[in-house]
Amino acid sequence: MESCFQAAALPKERLGKSLNKEQVLSLKLERLQRLREQFPATVWAARAGLLSGVLLLERDPAEALQFLRAAQNDVPLLDDYVRLWIGEALLKLGEGKQAAEMFETIPQAGPNSPLAVKAAYRAGEAWYQMLSCREVIAWIAKAMALSQKEVETPLALLRQGACQLRENHIQEGRETLKQLWVRFAFSSEAKEAEVLLASNLGGEPWIVQPTERLTRAQVYLGQAFHAEAIEELRKFLAADLSSPQRAEAKLKLGIAQVRLKLYDQARETFRALAKEGATESSEASVWLARVYLRQGQGDKLLELAHTAAGSSLSQEQKGQIMLFAGLWLEDQGRFEDAIARYRQVAKVGEPASQRAEGQWRVGWGYYRIGRYREAFDQLRALVEQHDGEFEPQALYWMARAAELNQQPQAHDVYVQLCRRFIYTYYCQLARERTQISLPDSVAAEPSSTRASVNDGELVTGVNSAAAGAVTTRAEIEQQAAYRRALELKALGLDSDAVREVAGLIDRYSREPGLLMVLSTMLSEAGAYHHGLRLARAKFRDQLERTGGSVSPALWPVAYPMGLLPTIKGQGAKGVDPYLVAAIIREESQYDWRAVSRVGAIGLMQVMPGTANNVAQRLGLPAVGREDLFDQETNIRIGVHYVEQLLEQFSGNVAYTIASYNAGPIVVGNWVTLHRGRSQDEFVELIPYQETRQYVKRVLRSYREYARLGKTF
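For what it's worth, the working numbering labels the leading residue of the sequence shown as 47, then goes sequentially.
Rather than coming from a laboratory, the hints here were simulated on the basis of the structure. Don't take each hint at face value.
Label pairs and their computed distance ranges (CB to CB) [as the list claims (entries may be wrong)]:
| hint | residue 1 | residue 2 | range |
| --- | --- | --- | --- |
| 1 | Gln524 | Val394 | 57 to 65 Å |
| 2 | Asn659 | Pro454 | 50 to 58 Å |
| 3 | Pro667 | Gly416 | 48 to 56 Å |
| 4 | Ala191 | Pro57 | 40 to 48 Å |
| 5 | Val394 | Asp552 | 42 to 50 Å |
| 6 | Asn214 | Gly323 | 49 to 57 Å |
| 7 | Gln524 | Lys237 | 45 to 53 Å |
| 8 | Leu287 | Lys237 | 25 to 33 Å |
| 9 | Arg639 | Gln739 | 18 to 26 Å |
| 10 | Gln255 | Leu731 | 43 to 51 Å |
| 11 | Lys195 | Lys237 | 19 to 27 Å |
| 12 | Asp552 | Gln431 | 33 to 41 Å |
| 13 | Gln462 | Leu56 | 43 to 51 Å |
Each residue gets a CB set at the ideal place from its N, CA and C atoms; glycine is no exception.
Work out the full structure: start from the sequences and follow the hints.
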């Protein structure tokens, strides 16, 4: 019965391109009906009825209501959810009063219901349909007192403002609409509020305050709407010539211009701000240097570095500009000059990590010009300082320098690297160049993981912190939130399941052993993002760098496999599903809601422009920004974009990963520039630090997925 239910709730046909959403919905409903008929009076029939009701909410709320009312008796564990869905069905049927009364009963179904805030917002909306403004204002005030970060908040503010105006509370209504317009600038409701405010409410003209412009700009920046933020920042700067926040606004303006790759504009913004002597001027100087480097304006960069040396910039800011100058000199083949700059940073940079970067770059510079003995000695000096960030790469390139200089210690350095940093990108490279055996405990981890998960046990003598894991697991399983999460997960309602299980994190946040259990259970419940984020926050070194005592059950949490069927279902040629899984892991940590600072969206962090180009190639309808928050749409577009890049770069994975981050045009230029270099050298030579680190992370995760996937 369970397999029949899964075939209905999550049909494999949804993963391809052959069926649209409406056809998938019809297929689900047909299979759920068949299950109810074949297995009546079973828990699976009850679940099928409830899921049918949820699926029918949009298509046929009257029929949905019948299923949902039956589910109140059949699935009592989810009583508050069922009440919420009944309320939504009633609302769609125009029964606002009944809907409101149903929403209001949700806290009675469970005093600690995670739906209490949502229910309060929806009660306000239901009363709005009934034109009962007193109740609207009361319920929305109650909801906002609980939380103002819900997706329903903008609509609630619009309803509250409209009711205040209807009740002739003009000033209160104006303030509510202004709050909506400022704090939720990116919402469609803010546009409606703007129309109302512009209508001169109460005969009083609406005058936007400069501080409101600045706040709106910050809201836009937080949502990666950089073009809109730039417009608001320009209006703020034009409206208030004496504000003490002007320098802050100019800095934000320049950064937004960089995010949109408007480098000419950003250069002028930072150049003007750097001359002002404001607190933000020093940071603007560093950004200006970064833009000079990106645009290849080396003479201006060197001049800025010279000026900065005698300025009031902090030692860290001076060091950063000096590093940029060295990078440009390297690009011009002026290695001795570059090394001289790096030596200065290694000597006086701040903090210690910047001095370590200076030392690393001195050693790397020597490697690039074939002075391998000097490279080896310089990198060894860095390793002896035990700077964790640069140690793995310093050890690796020490060994590579020794190989090229025909020094006998290359193998020993590789072994030292893997003993100390076994799960790093650089140990992976080392193992490709020489025979290094994994310790037995490491080699056994994937199979141990599978056994422990399938047997319902977390650990078997891994460490003292996890010794009571089985007991802890049993304790967590008794929590109502966990049992509800499993029920929601069985229904295929993953986001609701996540809401339940994520609430347990705070309860167990202070004990590592308990967190191992909880992160595993989060992942098992389909909360891949929450499980992965928790595992990385608490156990990152053990999982991604040094190794050590860690529960075997954490490996499938750290490298989720749950989306592989969706990835494989796209039918892309030559695309390894593990590569896509690695990209998702490093792009979004499996968070379908993720939005990057440049506006990339969803699991695979797809840019809207790229999405439409890919959709056009595939013969699919245009893809909007909101569509990319849909898991399957995002993966479909992302997978086929990876397919396109692999084809463009003849299957070269490193070039493909770099292109996914920086774009194929610039990567094509790098490939031409560094033709003849080995793959590891090419990655180290990527000039964009963000892209360079990204490629290393994805390659590392890709190899780990491949290793673990053999036995998962």
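Going through the hints against the structure:
At about 59 Å, the beta-carbon gap between glutamine 524 and valine 394 stays in the expected band of 57 to 65 Å. Restraint check, asparagine 659 to proline 454: a C-beta distance of roughly 52 Å satisfies the suggested window 50 to 58 Å. Taking 48 to 56 Å as the suggested C-beta distance range, the pair proline 667 and glycine 416 conforms, at roughly 55 Å. For the pair alanine 191 and proline 57, the supplied restraint of 40 to 48 Å holds, since their beta-carbon distance comes to about 42 Å.
At about 44 Å, the beta-carbon gap between valine 394 and aspartate 552 stays in the expected band of 42 to 50 Å. Distance hint check: the CB atoms of asparagine 214 and glycine 323 are about 51 Å apart, consistent with the given range 49 to 57 Å. Taking 45 to 53 Å as the suggested C-beta distance range, the pair glutamine 524 and lysine 237 conforms, at roughly 48 Å. About 29 Å separates the C-beta atoms of leucine 287 and lysine 237, a value consistent with the hinted range of 25 to 33 Å.
The hinted window of 18 to 26 Å between arginine 639 and glutamine 739 holds, with their beta carbons roughly 23 Å apart. In this structure the supplied range 43 to 51 Å holds for glutamine 255 paired with leucine 731, their Cβ-Cβ distance being about 50 Å. The given range of 19 to 27 Å is respected by lysine 195 and lysine 237, whose C-beta atoms sit roughly 21 Å from each other. The beta-carbon spacing between aspartate 552 and glutamine 431, approximately 39 Å, falls within the hinted interval of 33 to 41 Å.
For the pair glutamine 462 and leucine 56, the supplied restraint of 43 to 51 Å holds, since their beta-carbon distance comes to about 48 Å.
Consistency note: the structure conflicts with none of the earlier hints.
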